[in-house]
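Visitor: So you can see what is in the structure, the chains are spelled out below.
4 protein chains.
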Amino acid sequence: MVDEISEECGVIGIWGHEHASRIAAMGLFAMQHRGQEASGIAATDGREVRLVRQMGLVARLTEYCAEHGELPGHAAIGHVRYSTAGGSALINAQPFLIRHKRGPLAIGHNGNLINAKALRHQMEEMGHIFQSTSDTEAILHLVARHPSEDIDEAVRASLAKVHGSYCVVMLAKDRMFVGRDPMGIRPLCLGRLEKAWVVASESCAFDLVGATYVRDIEPGELLVIDEKGTRSLRIAESTKRAHCIFEFVYFSRPDSLIFGHSCDKIRRRLGKQLATECPAEADVVIGVPDSSNTAALGFSHKSGIRFEIGLLRNHYVGRTFIDPTQAGREYKVKLKFNPIPGVLKGRRVVLVDDSIVRGTTLRSLCRMVREAGASEIHVRISSPPVRHPCFYGMDFPTETELLASNMSVEDMRKYLGVDSLGYLSIDGMVNTARELEGQFCTGCFSGCYPDEELNKPERNQTALPL
Amino acid sequence: MVDEISEECGVIGIWGHEHASRIAAMGLFAMQHRGQEASGIAATDGREVRLVRQMGLVARLTEYCAEHGELPGHAAIGHVRYSTAGGSALINAQPFLIRHKRGPLAIGHNGNLINAKALRHQMEEMGHIFQSTSDTEAILHLVARHPSEDIDEAVRASLAKVHGSYCVVMLAKDRMFVGRDPMGIRPLCLGRLEKAWVVASESCAFDLVGATYVRDIEPGELLVIDEKGTRSLRIAESTKRAHCIFEFVYFSRPDSLIFGHSCDKIRRRLGKQLATECPAEADVVIGVPDSSNTAALGFSHKSGIRFEIGLLRNHYVGRTFIDPTQAGREYKVKLKFNPIPGVLKGRRVVLVDDSIVRGTTLRSLCRMVREAGASEIHVRISSPPVRHPCFYGMDFPTETELLASNMSVEDMRKYLGVDSLGYLSIDGMVNTARELEGQFCTGCFSGCYPDEELNKPERNQTALPL
Amino acid sequence: MVDEISEECGVIGIWGHEHASRIAAMGLFAMQHRGQEASGIAATDGREVRLVRQMGLVARLTEYCAEHGELPGHAAIGHVRYSTAGGSALINAQPFLIRHKRGPLAIGHNGNLINAKALRHQMEEMGHIFQSTSDTEAILHLVARHPSEDIDEAVRASLAKVHGSYCVVMLAKDRMFVGRDPMGIRPLCLGRLEKAWVVASESCAFDLVGATYVRDIEPGELLVIDEKGTRSLRIAESTKRAHCIFEFVYFSRPDSLIFGHSCDKIRRRLGKQLATECPAEADVVIGVPDSSNTAALGFSHKSGIRFEIGLLRNHYVGRTFIDPTQAGREYKVKLKFNPIPGVLKGRRVVLVDDSIVRGTTLRSLCRMVREAGASEIHVRISSPPVRHPCFYGMDFPTETELLASNMSVEDMRKYLGVDSLGYLSIDGMVNTARELEGQFCTGCFSGCYPDEELNKPERNQTALPL
Amino acid sequence: MVDEISEECGVIGIWGHEHASRIAAMGLFAMQHRGQEASGIAATDGREVRLVRQMGLVARLTEYCAEHGELPGHAAIGHVRYSTAGGSALINAQPFLIRHKRGPLAIGHNGNLINAKALRHQMEEMGHIFQSTSDTEAILHLVARHPSEDIDEAVRASLAKVHGSYCVVMLAKDRMFVGRDPMGIRPLCLGRLEKAWVVASESCAFDLVGATYVRDIEPGELLVIDEKGTRSLRIAESTKRAHCIFEFVYFSRPDSLIFGHSCDKIRRRLGKQLATECPAEADVVIGVPDSSNTAALGFSHKSGIRFEIGLLRNHYVGRTFIDPTQAGREYKVKLKFNPIPGVLKGRRVVLVDDSIVRGTTLRSLCRMVREAGASEIHVRISSPPVRHPCFYGMDFPTETELLASNMSVEDMRKYLGVDSLGYLSIDGMVNTARELEGQFCTGCFSGCYPDEELNKPERNQTALPL
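Residue numbers (our numbering), protein chains in the order written: chain A, 1 to 466; chain B, 467 to 932; chain C, 933 to 1398; chain D, 1399 to 1864.
Read the hints as simulated data drawn from the structure, not as lab findings.
Do not rely on the hints blindly, as some may be mistaken.
Unchecked claim - Lysine-lysine pairs mimicking DSS-like chemistry, simulated, CA-CA at most 30 Å apart:
1. K1626/D / K1663/D
2. K1593/D / K1638/D
3. K195/A / K173/A
4. K1197/C / K1571/D
5. K1593/D / K1127/C
6. K738/B / K265/A
7. K1670/D / K1197/C
8. K811/B / K195/A
9. K240/A / K195/A
10. K1571/D / K1277/C
11. K1234/C / K1515/D
12. K731/B / K334/A
13. K1277/C / K1743/D
14. K1593/D / K1571/D
15. K768/B / K345/A
16. K1571/D / K1234/C
17. K583/B / K1638/D
18. K639/B / K265/A
19. K738/B / K880/B
20. K302/A / K731/B
21. K1127/C / K1105/C
22. K639/B / K302/A
23. K639/B / K1515/D
24. K1515/D / K1277/C
25. K272/A / K880/B
26. K880/B / K302/A
27. K414/A / K334/A
28. K272/A / K731/B
To be verified - To give a feel for the contact side, a few chain B residues facing chain A, derived at Cβ under 10 Å:
29. A496
30. E514
31. L517
32. V524
33. D673
34. P720
35. G726
36. C729
37. D756
38. I775
Source: prediction; values computed, not measured.
Yeah, the Cβ is synthetic: ideal placement off N, Cα and C, and Gly gets one too.
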């Protein structure tokens, strides 16, 4: 997978603030959960676009800026990155900054292009050189190749040629581009900070920098911001929506507005629906901290079973899922979680988690809960079984590593060593969301993707009993 | 305060394990919340005592060991340190390792000696030199000066001369000493890991390394461990107990056994008692994450008001209280907490916190909660007002900086900008604990200290109305 | 000068050695004097080309490799870089590694392309994107654009399109390219290490790695090395030679063979010729250590005046000329040199230096020599006045900063504060070299460059009296 | 040898300058050749003594100070340290800073105390604790123990109790002490920088900071400097002098005044005397750079054989002798030296070196010279054979590792693989120096030490033929 890297990332852009790069760094900090491997900022002062990138947490980026001076300029874009080990290097850290006939251009991208490999092959044949292994670089080549004198049109037309999911922020000397794919797969929202415009993957970035949420960037919209103001171009017409429902399930921060709705609220509803679909006789409900506490609260409220904090997280270790290397996962579980025996001992426990990917972490957790004295363990998952790959940027393992692709729910229950295991149904999940009038991509659960070319017959044959 | 540094730290000791220093590092990691400024380990292989110390998190210590090789030996002691800025340097990081007439001797100490300054002055007059500004060094000089050929007796008699709080682990080439002050002010417990003995400030260290809790080190006990086994000496007779109740209120990890009891359970009871003493008309109860969630749950269960997660913590920033520098506290609050508007908007909110020291953090939080739309805010504190200094190692600011030393509760309510403010009473707190048959030090709340010499008249005249 | 960076660098290539990247690092270490700002290595194992680059001395590169493992493969290229501050960043460090239609390709380049800006502009117009500010990237684009299926021909034809000076090493998965410009401006030689082929800017790299000098890469030669052996292609026909005579004067290590001749021998001859042209009545001859000692010995042998070591260098500071920042040059002189009063006191001193660029360093040195008691100082320069820029990679300052562009020799004597100042004549220098049958570029001395387009009338009008 | 570390170091002290610590750092930089393992500075502003120490070169110390701010104060002492691997740690880096009954006291020490072990044992028995493995700490304990109220007398009397070699600088809040052992084994000189007093191991430190040499600190003198001025106390009466002649032979910088005389001049005389004692038929004389070039020039002038630069040093590697680890010495020789074939080919070469310790470096060099084409090699050593240990701080290996302790001169010649080997005689060396009216310690050559207790019969029986 060296040539095509799936990644889940976060982007930010700000136009019209005297400390644009500092604001960008703060916003990235708020979205640190979207990528801990590398972070970077590009800024323009109207004359030059400058770039700084660092491996590791955003804190290292701000340390660097504190030492070497903030990037000057009134506009900036930023990126946090999480990627598979294969592409784990500074060369793939974003923003990318290149120079082409229209001057310098920087880009930060969250999403995954499903035709990147083909585009790359095509352009290599035409004599282009590639310096990274990221699919994002293809966008830059398309822009550079485009004959139009008008950079707005060049960017618009280039984005129209890429398929898949993308939320991009691009920075030229004199303008900023903000684009989102026509199905709106990943979230991207627009905010206002005094006179400045801010865009970010999640609204939690606005809260930290003091900006106000205005609206989502429309699917298929290309927003151009320059000194004259903002204008919206249309990348492609599309009435089809395919918001990634996994952003609600797990990825986004609960205090964010995602696809225009409160992530926390949806997550609580998923918990309630789960209680309805898969009830349990139990004494306490606990969540896997911190991401599943909200769903666990929903489960508790619906079921009337008492919510407790039965597992603690050690804050000195990062998020398991987001770690690019798999080595030592088992050991890290032990470092990261500690059960509260007083809560668990002799109790029948409902343990709510948001999803099961490989299942190794959860298995260790269940063993911990058992050893802490729980008399029964009922695992409840606030989403359906993840059985298929994501082609839009969520870095799931291959199907052979996905637990639910290889086992029936009963086998998974045995594997986890628990008394019962219940999943939310796809319908239950989508119905919860449908009240919110969204249309969602459920590819990783259903194997049915919004891009038809992905729905090859051989992809959709998994038919394990729920 | 250069000469006398108050510090709250964590210690560990292990005897009889082939990877003693690795186990010690793991245990320190579990107790990272007790000190993030520096950490160190000393180990013996029977022939030599070796030392490694690093500034920063325990992770840096393990990185160092990964690079330079684990300290060899079957026994090790370790220390994590938090200290005031004045003494913030590697020279004060522990363990200390010295050589004296009986060979090398390392020491790690949690607590604070109230006669350290006097002892130091006395020994300087006798020609001793001091290399650190820590009170711990005094113990080493006492041991070195002691005429006895028997090191056990020298250590015992030396500890008998120091007053205040101490949990010490000491390591000679051929034995380990574990001592605790006669009133048992700080926690220290003994565990078993296969054939090895482990001691640690908190039992959560046992859970991580796989050890089993055996018992607390007795107040006034000096446990000596060597190849012949263990033996208990008595430092001083004392029937008076003065366990630091603040360990339950805030400092210890909830999953730890402290003074023989579950910290989580006590913390929940404090929340219940708080609901009884200071009820509130409200829609939701939220806690200041993560330390006050347990008390908030207790409040919720007793009051019947729904518990919600209304504030989120960003895990990429450390614990406010534990940061040795005060600079930028306000800014860090904003980085660290984010309110969930969906939970707070239009709601009457009970906000439970464990204590108020300076009050600046809480004030910012209350403003956040208000801005997120709460219609009323009722702050409830699961301990009494902190009005007096701690002489036993809790690093409170001076009385002039303690909010409750300078304001009445009503003035504090106004300062925080909330609708009501309620504190747990000293009696309520102690009664909760008394069920557990402990005797506690309430000095920071009551101004009444277990060492009589600290109860000078001028110390106890604060008389602000609750 | 952001778009076009002049640089003097060093390159190495090795094909057919099991520790190719280690050998490359050793060779770079031997050529450290050619660039201290950054260093890098690319290696191939036949399947993949891998890259590592570091800012700073080669030692940092080897540290990195020691920690992360040697780059695997039987072939490697390497580069040390010195550049002006404007381009001082990892993004410009070489080798560059890109992917194009024929797979991965790495390049390291010593020299300067005089048509890089034009080529870049042309290719940007055709839709190419540039990621560095280095002229080297143009070569990669030319190769990628070239329609031929045959990579050998693509590389050959691309090099034929660039003008100026270049010694390039390029590495594909299955072959190595070694190319030199048709006038042979910079040195590049070929050696043998057992069965492996080695190329390097200077033969001193061969001595360290244990290789044997075979011959120079011919001007205009493109040597291709792969598993079938070596073959020589012709980039362009050229009978004109323009070896950079400054390599002999200053830049190369004295123990290197440069353009097929011993640098040390030429340097000594320049000293002898200088003694003939500009004799002096004096008691001792001293050189500016370490680069001018050889010329000073030549002066001493010819003149019969005793050679002495009258100035010492502190080895803990790097070479002045090679430092990319000008800040604090005066202070660094003081750190770097210390006069020996016993040698200088009361003596008439001939001080030999190889060249004068800005003159600030030499002026400080002369003051030192005077303060150490010299009764007379006669400065003798073993090359003619540097009055013109170098377009082929020697990083001279602009003409306004070149002392000899702005002052007559008599004014320079006064500026230096010495009793006499003598320069070697251009004829004298070239005659010394002509015995060796070389044809040299004297552009920086004469303003007359081998590329005719550089000899614009306005360039050649400086006419200060010698 | 953990308990008693021989070390050769450098010290500096300055009193009465507003940038005392910066001046101290500059002076240490000039004496970097005396110790590259660690460096440190202590400074006083009259109220507090502060300390900073770093492993590695002085540059790291100045980097640290640039980042964290210069140590404030009008007086400072500094130390560069070189030591054997056993004690290679920050804990042994100097200055040491302790607190005792008279307040803070810092010390930096160059030399070696022959009764340190005994003193340490004695004081440990009296209850003192030791934190380093350095003999220097003993001095601090003696001062702290001394009953006198008068710190001047306490320091004086303490120094009177230690035997061996010492040049110490000590800093209290309000005064600086400068002491030298009664036989004046190591060099220590006094200078003036405007109104400030400076002391340094070598006068080259004065040259860099702009100070003027005033005189040597007298053997047995304790100079006290405070705001009232300077006063000289007498540590012990001694008419016997035992200047370390090895400072002239190798250790000191040639531009320093050592024991009141120019090191360069003495070194040249040793070369002349060597030419007289051990003439050779040869074409060229070369020195081992850089330390032996001066002696080689002396040999050349006396013999009339032409001096040439036949070996080059790579300045990117440090001094062999001074590296605390022996590992990879052979490889480092190759990295460090490169022969000039044009100078050596077909020539009969006199190769002058200052001394032979293990002989491994020289042997590699001789092989290089041979391979570069020398027809004959005549090694000439500008000092007598080193056959005995140094007890005064020169870090020679044990006698079993000293080449001359184990081989006759003829065997050494064979070992080196050269045509002849000639050593300077002890008489020749001492006579050269005696003209300068010094009295020298020749212990490492003769086995006869100025402290009679070291001249045990068993020490002096080596009787290999010269």
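Visitor: Evaluate each hint against the coordinates.
Guide: Taking the hints in turn, this is what the structure says about them:
1. K1626/D / K1663/D: Given pair K1626/D, K1663/D is violated - Cα atoms ~38 Å apart, limit 30 Å.
2. K1593/D / K1638/D: violated, 33 Å
3. K195/A / K173/A: Measuring from Cα to Cα gives roughly 19 Å; hence the hint holds.
4. K1197/C / K1571/D: Violated - the C-alpha atoms of K1571/D and K1197/C are around 60 Å apart, more than 30 Å.
5. K1593/D / K1127/C: Violated. K1593/D to K1127/C sits at ~68 Å, over the 30 Å cutoff.
6. K738/B / K265/A: holds, 28 Å
7. K1670/D / K1197/C: Holds, at roughly 28 Å.
8. K811/B / K195/A: OK: K811/B and K195/A at ~27 Å, within 30 Å.
9. K240/A / K195/A: violated, 33 Å
10. K1571/D / K1277/C: Given that 30 Å is the threshold and the Cα spacing comes to 42 Å, the pair is violated.
11. K1234/C / K1515/D: Not satisfied, since the Cα-Cα distance of roughly 60 Å exceeds 30 Å.
12. K731/B / K334/A: Satisfied, since the Cα-Cα distance of roughly 22 Å is no more than 30 Å.
13. K1277/C / K1743/D: violated, 36 Å
14. K1593/D / K1571/D: holds, 19 Å
15. K768/B / K345/A: This hinted pair holds, its Cα atoms lying about 21 Å apart.
16. K1571/D / K1234/C: violated, 61 Å
17. K583/B / K1638/D: Given pair K583/B, K1638/D is violated - Cα atoms ~47 Å apart, limit 30 Å.
18. K639/B / K265/A: violated, 60 Å
19. K738/B / K880/B: Holds, because 25 Å separates the two Cα atoms, which is no more than 30 Å.
20. K302/A / K731/B: holds, 26 Å
21. K1127/C / K1105/C: holds, 19 Å
22. K639/B / K302/A: violated, 61 Å
23. K639/B / K1515/D: Holds, because 20 Å separates the two Cα atoms, which is no more than 30 Å.
24. K1515/D / K1277/C: violated, 47 Å
25. K272/A / K880/B: violated, 39 Å
26. K880/B / K302/A: Distance of about 38 Å is beyond 30 Å: violated.
27. K414/A / K334/A: holds, 21 Å
28. K272/A / K731/B: holds, 28 Å
29. A496: holds, 7 Å
30. E514: Result: violated, 30 Å to nearest chain A Cβ.
31. L517: violated, 23 Å
32. V524: Since the shortest Cβ distance to chain A is 8 Å, the answer is holds.
33. D673: holds, 6 Å
34. P720: Because about 6 Å separates P720/B from the closest Cβ in chain A, which is inside the 10 Å limit, the hint holds.
35. G726: violated, 13 Å
36. C729: holds, 9 Å
37. D756: holds, 8 Å
38. I775: For I775/B, the interface hint holds, since the closest Cβ of chain A sits about 6 Å away, which is under 10 Å.
Hint compliance for this structure: hints 1, 2, 4, 5, 9, 10, 11, 13, 16, 17, 18, 22, 24, 25, 26, 30, 31, 35 are not met, and every other hint is.
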